[in-house]
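A.B. asks: Protein chains in written order, with this note's numbering: chain A, 1 to 374; chain W, 1 to 374; chain C, 1 to 374; chain X, 1 to 374.
Calculated from the structure, these hints are not laboratory results.
Honestly, I wouldn't trust all of these hints.
Selected chain A positions facing chain X (Cβ under 10 Å, derived; list incomplete) [said to hold, decoys possible]:
no.: 1; residue: K25
no.: 2; residue: S214
no.: 3; residue: H215
no.: 4; residue: D218
Idealized CB from N, CA, C, for every residue including glycine.
Protein chains: 4
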Amino acid sequence: MNAVFSTTYEIDNKYSTKYHERFVKFLKYVQENDLVVDGAMTDPKGDRGKSPSAQDDPDLYLHVVERREDGIVVRGAKAHQTGATNSHEILVMPTVSMKPEDKDYSISFAVPTDAPGIVMIIGRQSCDTRKLEDSPLDVGNLRYGGMEALIVFDDVFIPNERIFMDGETEFSGMLVERFAGYHRQSYACKTGVGDVLIGAAAVAADYNGVPKASHIKDKLIEMNHLNETIWSSALACSYSGWKTQSGNYMCDLLLANVCKQNVTRFPYEISRLAQDIAGGMMVTTPSEKDLRSEEVGKYVEKYLKGVSDVPTEDRIRIMRLIENLCLGTAAVGYLTESMHGAGSPQAQRIMIARQSNMEEKKRFAKHIAMIKKA
Amino acid sequence: MNAVFSTTYEIDNKYSTKYHERFVKFLKYVQENDLVVDGAMTDPKGDRGKSPSAQDDPDLYLHVVERREDGIVVRGAKAHQTGATNSHEILVMPTVSMKPEDKDYSISFAVPTDAPGIVMIIGRQSCDTRKLEDSPLDVGNLRYGGMEALIVFDDVFIPNERIFMDGETEFSGMLVERFAGYHRQSYACKTGVGDVLIGAAAVAADYNGVPKASHIKDKLIEMNHLNETIWSSALACSYSGWKTQSGNYMCDLLLANVCKQNVTRFPYEISRLAQDIAGGMMVTTPSEKDLRSEEVGKYVEKYLKGVSDVPTEDRIRIMRLIENLCLGTAAVGYLTESMHGAGSPQAQRIMIARQSNMEEKKRFAKHIAMIKKA
Amino acid sequence: MNAVFSTTYEIDNKYSTKYHERFVKFLKYVQENDLVVDGAMTDPKGDRGKSPSAQDDPDLYLHVVERREDGIVVRGAKAHQTGATNSHEILVMPTVSMKPEDKDYSISFAVPTDAPGIVMIIGRQSCDTRKLEDSPLDVGNLRYGGMEALIVFDDVFIPNERIFMDGETEFSGMLVERFAGYHRQSYACKTGVGDVLIGAAAVAADYNGVPKASHIKDKLIEMNHLNETIWSSALACSYSGWKTQSGNYMCDLLLANVCKQNVTRFPYEISRLAQDIAGGMMVTTPSEKDLRSEEVGKYVEKYLKGVSDVPTEDRIRIMRLIENLCLGTAAVGYLTESMHGAGSPQAQRIMIARQSNMEEKKRFAKHIAMIKKA
Amino acid sequence: MNAVFSTTYEIDNKYSTKYHERFVKFLKYVQENDLVVDGAMTDPKGDRGKSPSAQDDPDLYLHVVERREDGIVVRGAKAHQTGATNSHEILVMPTVSMKPEDKDYSISFAVPTDAPGIVMIIGRQSCDTRKLEDSPLDVGNLRYGGMEALIVFDDVFIPNERIFMDGETEFSGMLVERFAGYHRQSYACKTGVGDVLIGAAAVAADYNGVPKASHIKDKLIEMNHLNETIWSSALACSYSGWKTQSGNYMCDLLLANVCKQNVTRFPYEISRLAQDIAGGMMVTTPSEKDLRSEEVGKYVEKYLKGVSDVPTEDRIRIMRLIENLCLGTAAVGYLTESMHGAGSPQAQRIMIARQSNMEEKKRFAKHIAMIKKA
């Protein structure tokens with residue numbers, strides 16, 4: 001929301017459009033009605049070697065297919081939309097910096113999730129159907145979850161008052177950059193998941209009877225260290241925010257991208273260390289049905305026991321939670337989404353390059369080396 | 001098999017037992033009948049802070065519970081047994097170096113998988129039930145798979161001629177070390193899985209339209225580099241083998257442990273890079289049922305298209321294979337088993353410490369630093 | 001200074017001593033006279049396996065050897081004191097958490113650097129004598145430098161009004177922890193050195209003619225990413241400060257330790273990447289004397305030329321700066337001091353363990369896994 | 001030598017030249033007289049963005065400047081030549097794969113190091129002048145060392161019988177690739193240096209009194225693990241050699257490049273860990289002159305003492321050796337040369353890409369994913 005807020009303000013400044021006013025109205029409506037809004041940026045993109053308007057199928061980037069007096073009709077899709085199914089509204093933004101020939105693709109608007117022409121198709125997640133089995137223990141994480149949707153816009157009408165950008169191609173880059181900045185800052189959320197996984201690994205170590213082994217303690221420290229390093233960048237980019245023309249605040253883009261870049265790495269290592277601590281039982285534990293079975297339940301109960309004072313079932317519970325976070329439904333969010341959410345690693349690297357002020361650093365070096373040439 | 005072959009020979013040398021002769025007879029039987037043998041080492045271990053005979057439940061390490069004229073009766077279990085269900089025989093070995101008080105636990109023998117008292121309980125794997133759904137596409141890897149069993153020995157009788165060690169506690173360490181050495185060498189197998197994952201990532205890059213992006217090429221190089229580094233140690237420890245007293249060959253233990261230690265790290269990084277290259281579609285692709293659906297199939301077909309000349313279904317196939325290897329059934333073997341199979345990382349570190357000849361290295365350093373003191 | 005300020009306040013609260021008042025007086029004196037103060041914590045420590053009072057030589061930790069009406073006499077040393085030679089005053093603090101038997105070692109005071117009995121012995125640095133040769137070019141970094149001193153206290157008298165702790169062993173841990181916290185936060189300084197090294201590597205790439213090679217650009221991005229990750233934790237721990245009883249502010253100890261822990265790693269990788277970009281010339285460039293030589297100067301001039309429009313001498317200058325930062329006098333500060341300054345890596349890991357609130361994380365995990373047992 | 005041996009054989013096969021016969025004659029002369037030969041490949045290269053014949057100064061790659069009946073005259077230089085000053089002969093080879101327009105640069109020959117027109121200019125190394133001071137202790141490593149020369153060919157005459165390639169541009173790639181392959185294999189040598197550094201760190205831990213601290217033991221294991229991983233690839237590429245047309249053996253090029261690529265990384269980490277174990281004393285120890293000084297020698301002796309039964313001087317010796325290997329003259333060889341010797345990291349990555357047989361891996365993946373399209 002922040003990104004659209006500040007960008008519409010700057011578009012209006014240049015073109016005397018009314019986008020900002022419209023957006024503020026929409027924002028108030030959202031706040032007054034306490035609505036959930038899905039910020040939808042990522043297009044399917046088709047052949048990634050080609051620009052939006054150069055795709056064989058023009059719909060692989062969402063675009064305007066018809067213009068009416070009272071609004072526009074759009075076609076296309078937004079992919080990988082976490083939380084879309086539990087949102088009231090979708091706020092659409094372009095997914096890349098556009099060139100003049102991509103005018104019809106430089107579009108931003110809001111639309112209710114149940115508007116005519118909108119279709120959502122849910123993606124499969126690793127272990128998704130465990131939730132449908134009658135084995136709650138095997139789910140590992142009964143309290144929380146999420147899913148991703150492909151949102152199809154099959155000729156959806158958008159009334160004028162919900163359009164926040166339409167053809168101002170040179171502002172698409174700013175909008176993408178700012179939305180991505182906020183979004184990358186928000187990957188601080190992964191440190192919360194990290195906390196749970198670190199806690200789960202520590203519980204597993206307790207149940208295995210090795211909480212005091214020096215290598216176990218050291219691995220828990222390393223997990224915390226990595227997790228807090230992510231947290232550091234998230235905090236730092238927030239504290240270092242700056243005021244945009246519109247009056248709202250933008251996080252520091254360099255540090256927000258550094259934050260997200262670390263998120264593409266450290267959760268994988270934290271997950272690896274959790275698997276190290278948990279032990280092989282994490283992937284070889286028999287099903288709840290076997291645990292409850294009259295025939296073999298006694299064996300599962302007996303041989304999966306860890307330390308004496310912890311019930312076997314509790315040990316299984318913690319193993320299933322770790323499995324859920326490292327390989328199951330939650331791994332989709334903790335690992336692969338940490339990689340690609342809010343932009344793939346290479347997207348952050350490009351931003352880091354742009355924000356690094358290399359010319360200043362070269363000047364520092366030349367000054368100290370007493371090189372006169374600029 | 002090699003470990004038991006050479007260790008029984010050395011036990012016989014010391015105690016004039018007949019283990020080696022018995023084992024050779026068993027080995028011939030196996031070879032003549034082309035049988036598959038599961039080498040079963042890992043006990044459940046219960047409270048890992050306690051030795052076998054100090055556990056509250058004495059059965060948490062497999063042991064002799066009765067001695068008869070014609071053989072012994074054993075009770076306990078072997079955990080995490082990959083391939084057990086498709087084996088004809090189980091070759092049991094102790095799981096740790098034993099002390100004198102663990103005499104009844106220092107036991108090695110062979111027994112058919114269908115002997116009375118043997119019960120196998122299969123572990124759940126991530127995404128295991130996809131194989132039971134009517135959606136072959138979602139399985140990702142229809143050709144290959146495996147599973148792990150908890151093998152319970154509920155008072156199983158072992159005839160004398162199949163006993164290869166019984167109470168020679170001081171040889172349990174040698175047997176464990178040698179079996180682990182061979183087993184760690186054999187983790188070369190993960191480079192084959194790595195080859196498939198590297199190939200899959202490259203195909204995904206082709207289908208996404210970015211095979212020539214420099215960062216994609218660089219990531220594929222890194223994956224190959226890591227995979228071949230594992231392969232190097234596997235080759236090197238094999239080439240550097242030495243002849244045991246029994247006449248068979250033992251791989252170099254230092255390099256075999258180095259090999260396995262790298263296997264606890266590099267497949268995780270290779271998997272991370274594969275997820276980077278594949279893109280978010282790897283975890284958000286709708287089900288085969290949606291692809292085949294009359295209602296929404298056309299949308300899946302249209303919007304999951306990559307480069308023009310590749311059918312959407314093929315793109316989905318490669319994404320499902322990558323999902324299978326990074327999060328699904330095959331991830332159990334490629335990741336968590338790479339961590340814990342043939343011993344956990346710390347077990348290899350202990351062996352690396354033992355095999356590193358630190359005293360020689362200290363002498364080198366003192367010699368160069370001209371320190372006279374020994 | 002901050003650590004002594006807040007700790008003296010809390011000691012006084014407990015013991016009704018006058019340390020804080022004394023310290024504030026000293027602080028005002030320092031501020032009014034614009035003095036440089038060396039915060040001296042690290043004792044030589046001798047056998048690190050033994051506590052202060054258990055050393056064979058009691059002086060290996062600084063301690064009180066005589067008590068007079070008007071003050072105390074101390075003996076011992078403080079090691080690795082960067083900047084000591086250009087300081088006016090030394091502020092001594094204990095180096096570890098003390099036990100009751102180490103009463104005479106729990107001492108904090110200030111003393112002028114030229115007080116009777118104080119001897120400073122400068123440590124050698126890599127390439128230190130290049131500054132004494134008549135070859136400024138070979139120095140690499142003519143503008144900046146520093147050095148480390150061993151400060152010996154050979155029975156130095158400290159008047160009462162300069163004593164800020166004397167025997168309150170249970171406060172030594174707080175003082176160490178707080179001083180270390182501030183000091184670890186201050187390792188943000190290494191990102192400044194990192195900026196220079198990144199700039200120097202970029203200039204070297206320009207001069208070598210490869211600024212646009214994709215792997216070079218990628219390595220510069222990585223260097224910036226690592227450098228800014230350090231910066232993040234330094235900022236975050238500062239922003240998250242909290243008010244002590246005395247009224248001054250303490251940085252967040254967890255994040256300060258995370259900051260320093262990254263400093264023990266990333267400068268090494270940044271340095272490695274700088275060496276990668278610079279090329280072998282960084283360590284094989286002939287001396288300035290050869291460059292200026294009538295006989296061979298022309299060869300050096302001709303064959304060390306990079307791109308046509310940059311003088312060979314400038315290319316040499318930048319190589320010498322990189323050498324200085326990676327192997328020379330500045331490497332002492334940028335690498336080894338990054339490792340051990342403000343405490344060795346293990347010291348930070350112990351603090352990270354203490355500050356991580358593992359019990360809360362275990363509760364989170366148990367809650368989600370629906371484990372009732374506490 | 002091996003590379004020229006096999007390549008000349010294949011050139012002769014194609015062009016009926018006599019290079020191989022000439023080379024064998026030279027080789028016998030070398031062996032009979034027990035001569036040291038410097039294999040000289042690396043040209044200065046000037047602007048790395050330009051090919052040999054496109055440089056502003058044509059001499060920045062060594063080339064033929066005159067052709068006579070009895071031989072050729074060459075001009076140019078070879079840079080970074082370790083061991084050149086203690087060699088009897090120089091065996092020159094081209095440094096990159098050449099194109100038809102680079103005919104005069106595609107030249108290989110042997111020449112005595114004292115031939116007219118050859119000038120060697122020695123490069124400076126970090127801490128080089130410590131060897132000239134009267135302080136042997138400060139040198140750290142009195143037994144071993146080396147240095148690098150820039151070899152200038154100022155119109156050097158090469159008689160026909162010593163020319164082994166002259167203008168066969170299409171074979172320059174083969175010669176470079178093979179020489180580089182052998183050379184990268186030979187970086188096994190760094191594991192020997194690694195052994196010394198690991199030993200030195202272990203001695204330092206002993207002298208510091210912390211040989212049993214679990215984190216110290218773990219770091220020594222990690223150092224050994226990394227060192228032996230390098231050794232693995234060196235062994236594996238050697239064992240997997242193949243017979244060339246000429247009858248000699250070529251190491252496996254993929255694994256040789258993998259070996260060298262690890263050498264560009266692991267010595268840096270081993271060095272970092274050594275600095276961690278050694279402690280700050282490694283860079284702050286006063287000079288030998290201070291140790292021997294009448295005035296302050298007693299302080300150095302007293303306060304640099306570690307465990308009681310080791311003389312302070314021995315502790316200083318081991319610190320100086322570690323300094324020598326991590327920052328001093330030996331660091332040039334152990335670190336920066338590990339990076340750039342036998343080709344920079346990117347050169348190995350290009351070779352790994354070429355040797356990885358990606359098409360086969362893609363076929364594997366498609367087969368398992370049941371993709372029919374080739």
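A.B. asks: A separate judgement is required for each hint: does it hold in the structure or not?
C.D. replies: Hint-by-hint comparison with the structure:
Interface restraint check: K25 (chain A) against chain X, minimum CB-CB distance 50 Å, threshold 10 Å, status violated. At its closest, the beta carbon of S214 (chain A) sits 4 Å from a beta carbon of chain X; the interface hint therefore holds under the 10 Å criterion. Contact between H215 (chain A) and chain X, as hinted, is supported at the beta carbon level, the nearest pair being about 7 Å apart and thus within 10 Å. Satisfaction of the interface hint for D218 (chain A) is found here, the shortest Cβ-Cβ separation to chain X being roughly 7 Å, below the 10 Å cut-off.
When held up to the earlier numbered hints, the structure conflicts with hint 1 and nothing else.
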